[in-house]
Structure formats: structure tokens, C-alpha cells
Amino acid sequence: MPVSQETLDEIALSRAEYEAIVDRLGREPGNLELGLFGALWSEHCGYKHTKPLLRRLPGESNRLLVAPGAENAGVIDIGDGFAIAMKIESHNHPSAVEPLQGAATGVGGIVRDIFAMGARPIALLDSLRFGMPQDNARVQFLVHGVVGGISWYGNCIGVPNVGGETWFDKSYTGNPLVNAMCVGLIENANIVSATAKKPGDLLVLVGADTGRDGIHGASGLASRTFEEQAEMRSAVQVGNPFLEKVLIEACLEAINVPGVNGMQDCGAAGLTSAAIEMAERSGMALRLDVSRVPRREEGMTPYEVMLSESQERMLLAVEEHAVPEIEALFEKWDLDATVIGHFHAGAEVEIYDGETPVSETPIEPLTSAPEYAFTAPKPEWLAKLQATDPAAPGLPPVSPADALLKMLASPNIASKRPVFRQYDHHVQTNTVVEPGGDAAVLRLKGTSRAIAVTTDCNGRLCHLDPRTGAQIAVAEACRNLACVGAEPLALTDGLNFGDPETASVQYQLVESIEGITEAANAFGIPVVSGNASLYNESAGKAIYPTPIIGALGLLEDATKHAKIAFRQQGDAIVLLGRSAPWDGPGTLAGSEFNSVFHDVATGLPSMDLNLEVRVQQLCRNLVRAGLVSSAHDCSDGGLAVSVAESAITGGLGASVTSALPDRWDAALFGEGQSRIVVSLPESELAHLKAMATELDVPVSVIGSVGGDRLTFGEASVPLTKAADAWEHGFERATTG
Amino acid sequence: MKFGIVVFPGTWSERDTQYAVQDVLGQPARLIWHKETDISDCDAIVLPGGFSYGDYLRCGAIARFSPIMESVREFAGRGGPVIGICNGFQVLCEAGLLPGALVRNEHLEFRCEWVNLRIERADTIFTNTAAKGQLLRVPISHGEGNWQSDSETVRRVEDNGQVLLRYADASGNVSEATNPNGSTNGIAGIINERGNVLGLMPHPEKACETLIGGADGNVLFESMMRSATAAIRS
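Which chain is which? The protein sequence lines are A and B, in order.
My numbering puts the first residue of the first sequence at 1, with every later residue one more than the last.
My numbering puts the first residue of the second sequence at 1, with every later residue one more than the last.
These aren't lab readings, by the way, just hints derived from the structure by calculation.
Among the hints, a few may not be true.
Said to hold, decoys possible - Which bits of chain B does chain A cover? Going by a derived footprint, with three or more residues having C-beta under 8 Å, they are:
1. 13-27
2. 51-65
3. 104-115
4. 185-196
Predicted model, so just to flag it, every value in this text is computed and none were measured.
Every residue gets a Cβ at the ideal spot worked out from N, C-alpha and C, and that includes glycine.
Next up, chain A with everything else stripped away, as it sits in the complex:
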């Protein structure tokens, strides 16, 4: 019986994909089977358009304990029996439809990915993108909903939220981005696998009851553009952070019970994806009885049970003898633990409703979605943008001093305290460097060490050159780590792009992956996990390509770290990476300055990875040697903003003495890469210069710390005025 177009649309499979299914099964799929294929062959679960690209990412490191893609998250050895599991994941489409629940369940989902590895979640970060908030009630609603959702869910589960970004551009107006990253700590190298170990292992579902929420979340929401989502509200899941919290504790207890062989979270595509992927990894067949799944609604069909994306559920593979202990353990936490199936020799998934067989499907075709490889030439529109001189708009009709105040008040630059003060960032008592700096630092109790974590991506630069922009995202994330004194160990990537069936997006995908690969290789670190979110479009326009990079770094000595704030009156201010203070007009390409004053993004960003690596090494050496009072990278807003932020957070003025050139816009606010601003006592300058010479890094002594003004050449503003603009800019832009 030929399937109707309506049915295919509902599960987001193409006619050709349907025919491939028939071909591989040797028959027409049944109704439930079609649902399974729709979920597992969705972009979200099957990575149809990105798998061939993702294979190019570097996955090698002698610290790697779990290879990328092998499990729910990558795992990195940090010594002394400790390991870190980390991953970033998007929840863009649900957050666009229902921002509070969308963002909250995004946090819940990534946290389950991490504790499924046997890791205690120790940090969350959030990378958010919205349209321009000024006078846009819808965007302001999204900002407050998303931040409120992360606050509500994250605070309740007792995991500190220590970093991330909140960034605005009209590219994201109809399609916000909500990417959440979670970092977990594994002790005694006790990594849990998402597999059963032997035939006879039982499949145990723990946590929440199953309802009709989130059906087709993976195949539907995540594979459609924004206009198509309006009628899909029921595809958004609803979170229960209290349940998540007790589930974390119960599961981390359960992994120590002998006979518990594996654990897997129920994420996108619910039981379908979780159970079938577990069977596939185990190389065994699975028999599953949907009638045993505890429900929160009457009359649910096997199809609905298998496709539900009800939150706060996990699967365990448990040997029969251990079941009573597991039931008792979950009972203690007032949670259900129900045997719903078992693994056995074979290669099929058999689904039963009580004694009635519903479907029997070979696992291999289910878990090997088609792959679409592509290459695409550079789009013409992009070549034109790149060839446009970013300095062409000329100087705006304001003084450099007024321009600085306006830049500091831009919501992309202004302090994000109004966001992160709504997130608990102290719980678990490890936070050494708090949010608001370049990277967060978390000490590891029982050791002298600390880890550093950060996220980064400038979508505007990726728009202008996806390859260089992706390199810059990696470089900036690692630069953030260098500024706190950490050595980069691993990356996770959240790939947010538009419709992969268009040539422009295909070009962006290919180039971005190449850029990430080149930069990761330059730093010698792997990409250990990640997530791809495609079809981020509204009104037929794709978002800026936004490959968000999460980075993990290590500090051997937690006490040897730096923060961004100036600390000492009279300290010299030194720019690492340049032999003179001011950059030229080319660095206005894709700059925040050009966006704020001219509403344009033009030109060609550039990146010298070789210099970047050396600059970061120098910064790290300086911090570890305890030579510098502060370190802060130059990113959005360039040198003037970097110096201003160090001054404002330190409560100390600063003076950069060189006369401003004619193009003061580029000099102050150009966004040339590979620059870090440090401050240190003048007595240590010779030492710094010697270390810089050794690494062949240009440096420039550009000024000094002190006074109550911020001065750049002839431009000068009172520190209090700059602080007011920077501290209140975000609230002023996002309210009223």
C-alpha cells in the first residue's frame, strides 16, 4: 500500500527515503515502523546532512577515554583518576515556540547526556542568540523566557551555571538559538557505557511516566523552519527539574550496583532512539513491551509510547539478579523503575503490546540513516560582501569618547550580569573564577588542579567567511582559556545552520567544518562531542552560520589563574600579539562597531593561527608564572572595549597614551584577532619582554592603570560614566 504524502510530511521523510526503507526491508514498513524510521532518520537523530562532514573533525588525543560519537558524550582524562565528560546541545526550535520550557528542557536534556556517562554534572554554560532586542516585544519575551527557563531548571538541579554568551543580531530575530553545554566529572575512571553487556540483560525504564508530550519533536520540530512550527506546540516537551534532580542522584547511585551494565538517556525521539541505539551499540536484539511502560495518559498507542519525548527518563541495562536492588534504590527516591524489555542474541527490535507483537524490524537499517554528501561553491552574494571595504562607510558623526560609551552600552558588549545573576554559579563550591570573565574556572576538590570552561562563536564573522569565522570561534574559545591560565584539552561543537538543502548553507557547513578542523589541529586538540541543528530559518532566510564552540582547559595549579579586572594602580598595560597599539581599517570587517554605527557586516575577517597559538602560550606562561595582575582578550568591540572592561570591573581607570590615527574607529574598535591585554607591575616588563621574544610574539606597552578616567589618545571619559553604560546597557536594551 503506497504511503500518503501527508504521512511522510508528518514524519519529515522524503519519498526517496521512503523508497529506500522499502528497499532495505524488502517490504512496506508498518505504521509503527514508519514512525521509528521517521525519528531515527531525522536530521536530529540521523545527522543525514552532517555525518560525512563530522567525520573530518579531529578526534585524536592521548587524553581521550571515550571517542567522539561512541557514547552520549566524549570523555577526557584529566589525571589522578578524574575524567571530564562534556557536550553541547541545541534546543533552538522548542525555544522559538515556547521559550521557557524550550530552554529548560534543553538544560535537562544535556544534563542527562552527561550523567548517563556516570559523570556528576559540575557545570552548565549557555550560548544564546536573539534578534535585536531594542523596542521589539517579541524578542524581549524570548530573552526573558529563555533566561527564566534556564534559571528555573538549572537552579533547581544544583548544577552551577558558570558561563556562556548572550548575543544579538537581526539574523536571529525569527529563530533564536539556545545551546546548552554541560560538563561532568567522573571519578575513579568509572565511565558508564550506553550498552547492555550480555544476552538476558533487562531493559529498565526509570524516572518519569510517559505521556503524549513531544511526539515528533525530533522528526518534526527540529526539521522544520519556523513558520511551519506554529501549529506544533504539542511537540514541545515540559520539564520537571525536581524529578531530574532526584533522577541524577538515583542514577549515580545505581551505577555502583553490581549488575548494572549500562545507562542511556531518553532524549530526542524518546524510547525509540534510546532503546534501539542501545541495542545497536550492544550488538544484540531487543524485545520491548510497550504495555509495561508507565503512562501518565490513558489510551496511548504503541506508536505514541515509542515516540513520546516525555522528559526525565533514563534506560538502564540490568542483569536480572540486580533488579530487586535497583527497584528498591529508585523506590527510595520515590521513582519508578520498570522492566520493559530484554536483550538477546540477534539483530532485530521486536516491539510487543503485552503478548501481541506489533513490529519486528532489523536494527541495521533503522540506525543507518542515508547520508547526503555535498560540496558547494562560494555563493556570489558572499563574494560581493567580502570584496566590500568595511571602512567604506567612513567615520560616524560622533566623537571617539561618545562612540566608546555607545559601544559599551551595546547589548552584545554590556555586562551580562542581569543574566548570570539569575543562575546559581556557586553551588558545589568549586567556582574559582565566576561568570563575567573570559572563562570560568572550577577547582577539582582533592587535587591542586582546576578546569576552565567557555563557549564562543561570532556568527557575523562566520557569515562573512564561514571557514575563517569557525577558526576564530575555536581560537577565541581557546584564547578565553589562555586568559585564565588554562591549557586547552578538548572542544565540543554546537553547529547551528539554516536549511541544508540550499547551496549557501551547504557551502557554510562545509567551510565551517574545515575551519574548526584547521583550528583544532593548530591547537592539537580533539572535538569530542557535538550537535547539529539545521533548518534554522525564518521568512525564508537562514540564520548566520553559528558553529558554537565549547572548550575545556586545565590548570595544574588552581591558585595560578588570572581574571579580567585591573588590580593595581600604576601597572603597565601591555598588548600581546602586536608591536603597536592600533590596528588598521581592515579589522572593521564584521565588527560590532560597524553593526552599531552603520548597520553593516562587510569585508573579510582574517586569522593567523600560527600567531594565535604563540600568543596564547605566552599569556598562559605569564599567568602561570604569576607575573600579570590581569588578562583579558580582545574580541567584540576590540581593544578599547577590552581595556574598558578590565578598568570597569577593577574599579580603576586606564590610559592608553598613543595618539589616535585618522581612522580611530578601527584603532579603538577593530576586531583584529590574536590580541590579549594584560596588566602587570612595571618592574616585570623586562621579564615579560624576554618571554615574548622567546616565543616570537610581538608585544606593545600601550599605557598604564590608574586614575578615574578611561583615556585613549585624546579621547577620554570618566570611568563612572563608562561603568554606567556597560553595567546597565543590557537591561536598558532588553526591557521596555
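With the hints as your guide, set chain B onto chain A.
Only chain B this time, still in chain A's reference frame:
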């Protein structure tokens, strides 16, 4: 001094508190599951922070019915020292062991930040290692820390000297500008009339070492330890 730290489903500050009193201050500390009732081995009880039962219904409203709470009530009734931190403060109010109630922050947002606490009395078992007027720099982390009560109770609490801690600026001044949640009279922590039960919204266990931003929170636990030693000597 042996600390007993009560764990409700949804509590998340129990390990932080255990770390502060055991690893930093060298005192034995054990976690007490909320369904336990025998706490006779403990010299002090802590109801730590978190979201017991997800704060559903009202903060602390469900936890107060846990079996452990009857034992805590008896323990407090015998004069045993009890300290409720954040959610623990909310539970103590719900249980009637402390007056008033914690309602939604006035600005309706969750707040996580460092605050200065002014010590109003140094003659209690929780503050005897400090000086009156001394400031403690400690983090807060709550959405419902706004202490309110009827005017009669507020007057009684003030007149009895039951206010132990107030939100202040770096110079010790208490004003609307230093109040992070709208709490009546800038109240951050109160004791019962007998002086052996303390509830406070800020998290002293999160300020236990300079590496993580400060160690001022230890003052409260160290004072409890000193009182216990003094009690044994007398």
C-alpha cells in the same frame, strides 16, 4: 562537634555543607535521609539549601511533613543547635520553628550574588566568634528569600533581638539599596526566642575557602563549635 545534615529529595547543598564542616573545619558530619528519625548521635543539625520537593506547593511546605522533622523539633526543643540555610530556613518557617515566611523576591527574579551580612548580635551560639557589627561576605542564591510577617511579629522579632543578620553595604549600612529581595528591615537571618535555632537565606557553606571567593561563612559553624566546647567544659 558532630553535625547532622538533613537530605530531602531535591536538597542540593548537603555535600557543600559537609565539605565545609568536615573537610574545611575538621568536624565529623553525616548526611541524614529525611525518612530517618534517630539523630541522637548528632550535636547539631543543619537543614541545607536546595529545592526540597522542587519547591512545589510552597518552598518547604512538603518537606516539613518528612519524618525527620519531628526529630528535629524534639532536638530543638531540648535546646540543640539547629541551622536552616536557604531552603532549610524556609522549612523551619513552614514547620513553625521560626516565625514569618519567605515569599517571592520583590523583583520576581532569582538572585545569585555575593552580599554583605551585618552581624547584629555576637552573644549567640552562632556568632560568638565574631563582633557585633562585623560584616560577613557570603553568597545568596534564591528566588524566594523575602522574609515577611505580620507587623506584630516583626516588632516582636526586632524587640527580642531575634534578628541576627541583615543585608548591608561594604560599610555596614543597611538600606533599600543593599536589600537583594525586599525582605522586611533587610533581614537575612533570624533566631528563635531561645536562641538555638537559626534560619538564614545566604549560604555560609558556599563561603568556606578563599580560593572560591571567601571564607567568612565559617564564622557561623566555628561559633557553634566553640559553644559546644564551652558547654562541655561547663
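Against the structure, the hints come out as follows:
no., hint, result
1, 13-27, "holds (count 6)"
2, 51-65, "holds (count 5)"
3, 104-115, "holds (count 5)"
4, 185-196, "violated (count 0)"
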